[in-house]
Amino acid sequence: MSKPKIATTSMCGCFGCHMSILDIDERILDLIELVDFHKSPVDDIKEFTDRCAVGLIEGGVSNDENVHVLQSFRENCDMLIAVGGCAINGDIPSMRNKVPLRECLDEAYLHGPTVHNPDGLIPNDPEIPLLLDRVYPCNEVVKIDAFLPGCPPSADTIWTALVAVLNGEPLELPYELIKYD
Amino acid sequence: MDESLEQAVSEICDQYNNDPTRLVDVARAVQARLGHVGNAAMDAIAGNLGIHRVEVESCVSFYSFLSTEPKGEVVIRLCDDIIDEMKGSSRVARAFRKELGIDFGETTPDGRISLEWTPCIGMCDQAPAALVNDVVLTWLSSDAARRIVRELREHMDPQKLVHSFGDGNNAHELVRAMVDNNIRKAGPVVLAPVTQGDALHKALSMSPAEVIREVKTARLRGRGGAGFPTGMKWDFTRGSDGDRKYVVCNADEGEPGTFKDRVILTERAELLFEGMVIAGYAVGAETGILYLRGEYAYLRAYLEHVLDDMREKGLLGKGICGRQPFDFDIRIQMGAGSYVCGEETALLSSCEGKRGDPKTRPPFPAQKGYLAQPTVVNNVETLCCAARIFEKGSGWFAEIGPHGSPGTKLLSISGDCSKPGVYELPMGVSLADVLDLCGARDPKAVQIGGASGRMVGEDDFERSVSYDDLATGGALMVFSHKRDILKPVRKFMEFFVEESCGYCTPCRVGNKLLLQCLERIMAGKGVPEDIEYLERLSENIVTASRCGLGQTSPNPIRTSLKSFRVAYEDMVQEPEGALRPSFDLGAALAEAEKIAGRGSTILNE
Ligand SMILES: Cc1cc2nc3c(=O)[nH]c(=O)nc-3n(C[C@H](O)[C@H](O)[C@H](O)COP(=O)(O)O)c2cc1C
Ligand code: SF4
Ligand code: SF4
Ligand code: FES
Chain R
5 MSKPKIATTS MCGCFGCHMS ILDIDERILD LIELVDFHKS PVDDIKEFTD
55 RCAVGLIEGG VSNDENVHVL QSFRENCDML IAVGGCAING DIPSMRNKVP
105 LRECLDEAYL HGPTVHNPDG LIPNDPEIPL LLDRVYPCNE VVKIDAFLPG
155 CPPSADTIWT ALVAVLNGEP LELPYELIKY D
Chain H
57 MDESLEQAVS EICDQYNNDP TRLVDVARAV QARLGHVGNA AMDAIAGNLG
107 IHRVEVESCV SFYSFLSTEP KGEVVIRLCD DIIDEMKGSS RVARAFRKEL
157 GIDFGETTPD GRISLEWTPC IGMCDQAPAA LVNDVVLTWL SSDAARRIVR
207 ELREHMDPQK LVHSFGDGNN AHELVRAMVD NNIRKAGPVV LAPVTQGDAL
257 HKALSMSPAE VIREVKTARL RGRGGAGFPT GMKWDFTRGS DGDRKYVVCN
307 ADEGEPGTFK DRVILTERAE LLFEGMVIAG YAVGAETGIL YLRGEYAYLR
357 AYLEHVLDDM REKGLLGKGI CGRQPFDFDI RIQMGAGSYV CGEETALLSS
407 CEGKRGDPKT RPPFPAQKGY LAQPTVVNNV ETLCCAARIF EKGSGWFAEI
457 GPHGSPGTKL LSISGDCSKP GVYELPMGVS LADVLDLCGA RDPKAVQIGG
507 ASGRMVGEDD FERSVSYDDL ATGGALMVFS HKRDILKPVR KFMEFFVEES
557 CGYCTPCRVG NKLLLQCLER IMAGKGVPED IEYLERLSEN IVTASRCGLG
607 QTSPNPIRTS LKSFRVAYED MVQEPEGALR PSFDLGAALA EAEKIAGRGS
657 TILNE
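Just so you know, the protein sequences line up as chains R and H, in that order. So the first sequence is numbered by my numbering: it starts at 5 and just counts up by one. So the second sequence is numbered by my numbering: it starts at 57 and just counts up by one.
Take these hints with a grain of salt, some might be off.
Below, simulated DSS-like cross-link-like pairs (lysine-lysine); rule was C-alpha separation at most 27 Å, straight line [stated by the list, open to error]:
no., chain 1, residue 1, chain 2, residue 2
1, R, LYS147, H, LYS618
2, H, LYS581, R, LYS102
3, H, LYS568, H, LYS410
Derived list of chain R stretches under chain H, where covered just means 3 residues or more per stretch with a C-beta under 8 Å from a C-beta of chain H [claimed, not checked]:
no., segment
4, 102-115
5, 130-138
6, 144-150
With beta-carbon atoms standing in for the labels, derived distance ranges [unchecked claim]:
no., chain 1, residue 1, chain 2, residue 2, range
7, R, ALA150, H, ASP492, 48 to 54 Å
8, R, LEU26, H, ALA646, 34 to 40 Å
9, H, PRO418, R, CYS108, 45 to 51 Å
10, R, ASP185, H, ALA646, 35 to 41 Å
11, H, ASP297, R, CYS108, 56 to 62 Å
12, H, GLY106, R, TYR113, 48 to 54 Å
13, H, ARG564, R, TYR113, 32 to 38 Å
Quick caveat, the hints were computed from the structure, so don't treat them as lab data. We put the CB at the ideal spot given by N, CA and C, even for glycine.
Isolated chain R (complex conformation) (with noise of 0.2 Å):
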């Protein structure tokens, strides 16, 4: 039988999921024992072309093209986790949340302090994604299955619950690692 697929993705995040996922160091030869990677930037596959058993999602939903791969991780994936804050909540992107968003353009591209933009142009290429009204935690556009707090969840955390799920065992993972203060 083939092993699992397990894709991943960073949306509206910092790319720190990721860097604690890889930080499972040695680990990771176990898990590529377990699964294998589809989608994910860790082997920089685009597109899906096989059903995935884990989608494992970074970052909250920030523009037209993260509701396009969030959709397309909810078609082809049995399982979404949300990992870290952001993905659960939107959270350090989602301050901008209580400005509206030509104000938000206005600061990146005109006016902030440190802005140097001689032509005054906001960038408008049809390949750069439009941003939405807000950032919204994953769980707000589709159907996320399970939820790993942290900023960024421990290496632990993540491989804790990773075996637990692709070897069917229920996810509860015990206090210290998912207790953050």
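Keeping the supplied structure of chain R fixed, place chain H with the ligands upon it in accordance with the hints.
Relative to the frame of chain R, chain H with the ligands by itself:
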């Protein structure tokens, strides 16, 4: 700074001896005089009372009857709770809006009249109802609303809007209210006739320890909701160390659907005050405080009069007649529009002049209550029962009702029934009998115990009203088969979101999330797992909240899920695609599309 403002604030502060523990009274008085408590007034109050400006602001911003922004000379507050909604408050609201030319939350351009919503004002049996400043207007219609605005524009005197008075003391010259008592059934304990002084004399002929024993023998339990044994509470307070002790009567009656204390205050104030004196005697207190909800300010002059009268008769004040003469006096503390202030520790914070934040327990009020001194807090009805126990005997009282719930219970019944009003019934009465009595012909659901209580359906109608079964502080709202069960649930959740004091995250944020999810479901955008989410989140809120508000706030959802699960299940469905039905992609992208002048590339590929 404006001199007349300084002058006014300073006069008001002087009236309260510049005592910072009277900040709520000071702020209320400033609000009444100046129409709001603005920045300059807050500075002046802080200066006069010798406290920090932020303490004043945190208090003023907390209470809904106080405002930092100017309000009209007259404020119309229309009840928007569920019963009023069922009785046509939206038509009344439309008429007010149209006639005044403003929306709710606004003031007419001439600065004369403000229009606001308010939660239950305790007039559910004569809804729709509104407060115009302190004056209560009941049985409103769109015609009445138009007439009110026209008359107000002529004379600006809310009292002149009252053209006929209600029954009993509502017609008293110090009350002059159009409120009706609607006493449908008077029982032997609270609403039976009173011979003034009888209970008090009998109690004072005993020793304080004997008084407490008598209350224990009667097995009296608190009528305010929690049902704590009253004798035990008095005993703890008596036994606690303190320089002074206090008796506080909880007349906040903020639980939506509850109005029985209003009727007691109108018709049995003497009995209540005797109960407070007896409690004071039993625990060794010299001071009593009646915490009267702001909505019942129209009863204040009358209650002061009853107190004066008792002082004259030697039933209150210095040297109250008895085996050993003792001193006990009562002051009235006005609330200022806050539900959580009914919670006993928040109530004490409010009495101390602070914002109505609940305190961490323990210590309990019996150990450290008002001004950190041992304090008894009892509901209005409890204190009336206590007084009557001395008049009629503990044995007599304990005989009424089942063993664990002796005595009678006052029920305030409203909603879909032909005879809404107040019923004093023996504890243990079955819900079916109550529904029969009040003329509920087609009951589908009953909300018992107010917003924080529970919603029950037909399967539970044979159950009894008592501490051991369906416990209630007294509210009973009937919903007939023509009603959508989820509407009252949403109303109650909106209420909790509004009234949470905000101290703990589970209550402040959790209730909001519950409400959002419920709204999603009611909009037809819910998915089956939302139901499970409601249950899980409710449990978290109940477990992790600090005070009774948060611990009971998910009850409307929890209990309606239990009794009317189908109502929820009918509204949810599995989504067709991967995106949640509640996620509105078009709306989320609209602004960016406008700014960029193009549509989404990736989603249109
Ligand atoms: C949010 C909240 C609101 C309350 N409101 C009232 C109220 O309006 N009147 C009341 O008597 N008790 C109210 N209570 C109960 C009081 O905390 C307290 O238990 C009661 O006043 C004690 O009096 P009793 O023992 O005579 O019932 C409320 C409790 C909570 C948690
Ligand atoms: S949760 Fe923290 S580590 Fe993970 S993407 Fe967000 S900011 Fe980075
Ligand atoms: S449970 Fe709610 S009302 Fe009570 S203290 Fe916490 S936030 Fe305040
Ligand atoms: S007065 Fe409106 S619901 Fe009670």
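Original post:
For the pair LEU26 of chain R and ALA646 of chain H, does the Cβ-Cβ distance stay inside 34 to 40 Å?
Top reply: For ALA646 of chain H against LEU26 of chain R, whose Cβ atoms are near 38 Å apart, the range 34 to 40 Å holds.
Original post:
Are the Cα positions of LYS147 of chain R and LYS618 of chain H separated by 27 Å at most?
Top reply: 25 Å, holds
**OP:** Evaluate the given range 45 to 51 Å for the C-beta pair formed by PRO418 of chain H and CYS108 of chain R.
**Re:** 48 Å, holds
Subject >> Range hint compliance [Cβ, ASP297 of chain H to CYS108 of chain R, 56 to 62 Å] >> reply: This hint holds: roughly 60 Å between Cβ atoms.
Original post:
That 32 to 38 Å hint for ARG564 of chain H and TYR113 of chain R (C-beta), does it hold up?
Top reply: With a Cβ separation near 36 Å, ARG564 of chain H and TYR113 of chain R satisfy 32 to 38 Å, so the hint holds.
Subject >> Hint consistency between LYS568 of chain H and LYS410 of chain H [alpha-carbon to alpha-carbon, up to 27 Å] >> reply: Given pair LYS568 of chain H, LYS410 of chain H holds - Cα atoms ~25 Å apart, limit 27 Å.
Subject >> Outcome, coverage hint (the segment 130-138 of chain R, chain H; C-beta under 8 Å; three residues) >> reply: Since 8 is at least three, the answer is holds.
**OP:** Three residues minimum, CB to CB under 8 Å: does the segment 144-150 of chain R make the cut for coverage by chain H? Let me know.
**Re:** Check passed, 4 qualifying residues.
Original post:
Range hint 48 to 54 Å: satisfied by the CB atoms of GLY106 of chain H and TYR113 of chain R?
Top reply: 52 Å, holds
Subject >> Range agreement (Cβ of ALA646 of chain H with Cβ of ASP185 of chain R, hint 35 to 41 Å) >> reply: 40 Å, holds
Original post:
Residue count check for the segment 102-115 of chain R against chain H: does it reach three with CB-CB under 8 Å?
Top reply: It holds, with 4 qualifying residues against the three required.
Original post:
Does LYS102 of chain R lie within 27 Å of LYS581 of chain H when you go C-alpha to C-alpha?
Top reply: Satisfied, since the Cα-Cα distance of roughly 25 Å is no more than 27 Å.
Every hint from the earlier list agrees with this structure, and none is contradicted.
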